[in-house]
Amino acid sequence: MSIDLSQFHGVFFEESFEGLAVMETELLDFDIAHPDHEIINTIFRAAHSIKGGSGSFGFTEITNFTHVLETLLDEIRAGKRNMTQQDIDVFLRSVDCLREMLTSARDDTALNHDLVQSLQSELETYLDQTDTTDTQQDNQVADADTSAGKTAEVSWHIRFFPHSHLFQTGNDPLRIIRELEELGEIKSECDLSALPLIDGLDTEQCYLNWNITLTGNINEEQIKEVFEWVEDDCDLSINLLNSREETQQNANDNNNGEQQAEAVVVAKAEDRRQGEDRRKTDRRSAGNTESTSIRVSIDKVDALINMVGELVITQSMLGQFTEQVDIANHEQLNEGLKQLERNTRELQESVMQIRMLPISFSFNRFPRLVHDLSKQLDKKIELKLSGESTELDKTVMEKIGDPLVHLVRNSIDHGIESPEVRQAAGKPETGLLHLNAFHEGGNIIIEIEDDGAGLNKDKIFNKALERGLVSKDETLDDDQINDLIFRPGFSTADTVSDVSGRGVGMDVVRRNIKDLGGTVGVKSVEGKGSVFRIKLPLTLAILDGQLIRVGNQIYIIPLISIIESLQIQQEQIKSIVGEAEVYRLREDYIPIIRLHSIFNIESDSTRLEDGLLVVVEGDRQKVGIFVDDLLAQQQVVIKSLETNYQKVDGISGATILGNGTVAMILDISSMIGLSKNTQHFNHIEHKAA
Amino acid sequence: MATILTVDDSASIRQMVSFTLKGAGFEVIEAVDGEDALNKAKASDPDAVLTDVNMPKMDGITLIQELRKLPNYRHKPMLMLTTESSGDMKSKGRSAGATGWLVKPFNPDQLLATIKKVIN
Amino acid sequence: MEQQIQESTHVTINTQSESEQFLTFMLAGEEYGVDILRVQEIKGWDNATEIPNTPDYIQGVLNLRGTIVPIVDLRVRFELEKIEYSNTTVVIVLKVKGDEKEKTIGFVVDAVSDVYNIDQGQLKPAPDFGSAVRTEFVKGLATIDEKMLILLDIDHLVDADIKLNSSEVTH
Chain F
0 MSIDLSQFHG VFFEESFEGL AVMETELLDF DIAHPDHEII NTIFRAAHSI KGGSGSFGFT
60 EITNFTHVLE TLLDEIRAGK RNMTQQDIDV FLRSVDCLRE MLTSARDDTA LNHDLVQSLQ
120 SELETYLDQT DTTDTQQDNQ VADADTSAGK TAEVSWHIRF FPHSHLFQTG NDPLRIIREL
180 EELGEIKSEC DLSALPLIDG LDTEQCYLNW NITLTGNINE EQIKEVFEWV EDDCDLSINL
240 LNSREETQQN ANDNNNGEQQ AEAVVVAKAE DRRQGEDRRK TDRRSAGNTE STSIRVSIDK
300 VDALINMVGE LVITQSMLGQ FTEQVDIANH EQLNEGLKQL ERNTRELQES VMQIRMLPIS
360 FSFNRFPRLV HDLSKQLDKK IELKLSGEST ELDKTVMEKI GDPLVHLVRN SIDHGIESPE
420 VRQAAGKPET GLLHLNAFHE GGNIIIEIED DGAGLNKDKI FNKALERGLV SKDETLDDDQ
480 INDLIFRPGF STADTVSDVS GRGVGMDVVR RNIKDLGGTV GVKSVEGKGS VFRIKLPLTL
540 AILDGQLIRV GNQIYIIPLI SIIESLQIQQ EQIKSIVGEA EVYRLREDYI PIIRLHSIFN
600 IESDSTRLED GLLVVVEGDR QKVGIFVDDL LAQQQVVIKS LETNYQKVDG ISGATILGNG
660 TVAMILDISS MIGLSKNTQH FNHIEHKAA
Chain Z
0 MATILTVDDS ASIRQMVSFT LKGAGFEVIE AVDGEDALNK AKASDPDAVL TDVNMPKMDG
60 ITLIQELRKL PNYRHKPMLM LTTESSGDMK SKGRSAGATG WLVKPFNPDQ LLATIKKVIN
Chain G
0 MEQQIQESTH VTINTQSESE QFLTFMLAGE EYGVDILRVQ EIKGWDNATE IPNTPDYIQG
60 VLNLRGTIVP IVDLRVRFEL EKIEYSNTTV VIVLKVKGDE KEKTIGFVVD AVSDVYNIDQ
120 GQLKPAPDFG SAVRTEFVKG LATIDEKMLI LLDIDHLVDA DIKLNSSEVT H
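Chains as they are written, first to last, in numbering that gives the first Met the number 0: chain F, 0 to 688; chain Z, 0 to 119; chain G, 0 to 170.
One or more of the hints may lead you astray.
[Said to hold, decoys possible] Taking lysine-lysine and the DSS-like style, the derived pairs with C-alpha atoms no more than 25 Å apart in a straight line are:
#1 Lys41(Z) <-> Lys223(F)
#2 Lys123(G) <-> Lys646(F)
#3 Lys456(F) <-> Lys426(F)
#4 Lys223(F) <-> Lys471(F)
#5 Lys96(G) <-> Lys646(F)
#6 Lys96(G) <-> Lys123(G)
#7 Lys100(G) <-> Lys299(F)
#8 Lys115(Z) <-> Lys223(F)
#9 Lys426(F) <-> Lys527(F)
#10 Lys299(F) <-> Lys123(G)
#11 Lys79(F) <-> Lys91(Z)
#12 Lys68(Z) <-> Lys41(Z)
#13 Lys393(F) <-> Lys646(F)
#14 Lys393(F) <-> Lys379(F)
#15 Lys79(F) <-> Lys56(Z)
In case anyone wonders, no lab produced these hints; they're calculated from the structure.
Produce the entire structure from the sequences given, and follow the hints as far as they go.
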């Protein structure tokens, strides 16, 4: 029977990568001072499974490598050696190495065999006291010698006396005798003398024994192998009955045996190579055969999401239509439309759900990152992850990865102090870095919190001054000062450090997050630490929007940006000479952005008191948008303008409304920038007196 | 039609075993660890058990021990899949009540040959 | 749709290497032609949604079966006199090849005219004068039944256009 093993490769790779992730996590969690046996077991088991699978599926190099790793882990598991920090590091590197080996085997890409070999040698040196290759050789020889040795026809006398409990091991003497029959000609005699009378018979006991004569081209090993499983559960003697050249033959056997064994091993290697060649052609066709999940191209999912988006639009179009037409007399139609609306909504939610992944996919890299960085910087850091099961759109997840890494690096590099400094400040030696994700409203919040030195406001202000980002007489509150670190031009080359610099400033982090429709800010207390807070939409495809009207144009403001909407009170408007109008909102003066003016469109009225002010926040700045009217709030499907056109200032995208027309979605921070340019609108952050 | 309860925490090995056995005409019950296997064993009546040794929750040796305590498993063939060819694991298995073993890595042919040793 | 267009492109290349089909339209009394294989659809004029702060000739965007398509008023683009849209006014939706990818753009014209087969040999280079259209947008001139057709290079037209704009915007 020939089975194409490549069909299982997909699952093997998947579970092996999972196993590596488990190893990595557990290794990073491992407390040398208080070794947890269960953790060692888990690590061992992961390596063990990879070895078992790679062996069965013919990935020899992986098997050999994992074997050494596993042996080392086994020694630790058995208490023969203690896990040291050095061990953990070499194991982590082994995890990386295995990941590369698996990737290379899976994608059929080149592998640096020298690196693998050198790491394997390193692992072997840890093992130098014990012979690591024992079991493997054992294996091969055992495989080999079953087929080894050609003997002349001989007869064996076998005395097989099972112990009475033999049945309780699930073994059956008759099965063994049948197996002997396959080796050669058999004459067997059953000794019934121990069989008790029927009423004393315990059916669970074995009372029989056998005298067997076996003739054929059979060597002793072959017979022993038949009895291998029961050798401790029986009395067994195997004797050669006739042999003319017994001694001579035996000597030859041994010789042959060894040569044969070698030949067989070579043949096996040959087989594996062929197997590998075969696999290369098969691999692509061999998908993941796991029946509980299927892999679908993201394009297909997105096409589905788009289609559902269309459906939502059509549905809401029908909904609007029924409002205009009297359908009171058509109860069934009305019911049907309501049903359609519910189904559409549910369908949309289910479809969006397909793209959602737990944020642990993104968080998973941090234990390793923190481990490596803290070593590099000689800092002690405890990483705490919470809310890992919080789900996030796949695209958002992919795009949030880099900004998160940057913020974490930043916290480790600039936030958390060295153990000495911490001790001197009366803090615990080990700094705490906490990554937390949770839902808030329709958004995902990710917080990166450290208990480090916090931001130094004077330093930030002076640097911003130096860079011309603020003027000397500006009065900024703490949050505003902290926010300066996100300004373009704040961090420049001289702050580039090996760890968090990399020539990328916080402004890039903010821009990347903004591109995702999110915001980022920081709260910090000097000496106590900082919290970076990222707010992201659940998905990039749909947005909760507030429809507003200016003249005959309808725009959409993301609800996430809106703080409040209010009727404009004439007496609260202040005009600053040469600058823009501001509106006094309780304690603050907020700049007013006239949409009709920055977009050059007709509005119903240019008198502020005739319209409404939508107070929004973008880039941590509050502004009031002057509009003619507020319309409905609704979920809209975001369409890119760039697909067929280009990026437009002040606009983040477009959507199709219920009546089939297009409406622009406002990009608040870009609009603030636009209004600064067009109206010489200055950065107004004066506190109300 | 003989039924085999196959236990392995590795999905790929489990699938390979299952596929091989099904291809040879066996019915297969799959379990992902000892605990799962014990539950499934109680709810069914397979003709033989084939179990990995090293598994989370309950290892294969303990599984065999536990199964041997169940009346209808007292004489059933139970085979271990083990990567250790040394005598240590084998004798542990034997004293737990294992019928025999198959050393990993193995190929489908070896698997079938071993299964056919205990099932007619 | 895209698939079909591409397939038919191949067919054309294989069987009619010498001759190309052009869809012609009227604009301020002159007849212009565009490669018919680029035409995705022709639709009646519909009110477009304005895009703020864009050049005059960008009329706005329309919803074309779920895709947002910008609409270019060719009269304005070619600096011709603007007229009221009438019931012959149509939007010709074309596939335009940009630097990186294909874009779908609608062009407002006075009226659709005809479809002609034009051999490569009939094409004459555009002179520097005599047309309202800047020569860089013109592929060539052809004469059919005593009529002059101005064949447009739409890739070039929008390439110069939108690319220029986006570089202004992003920097």
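Item checked: Index of numbered hints that the structure contradicts, given in increasing order -> 1, 2, 4, 10, 14
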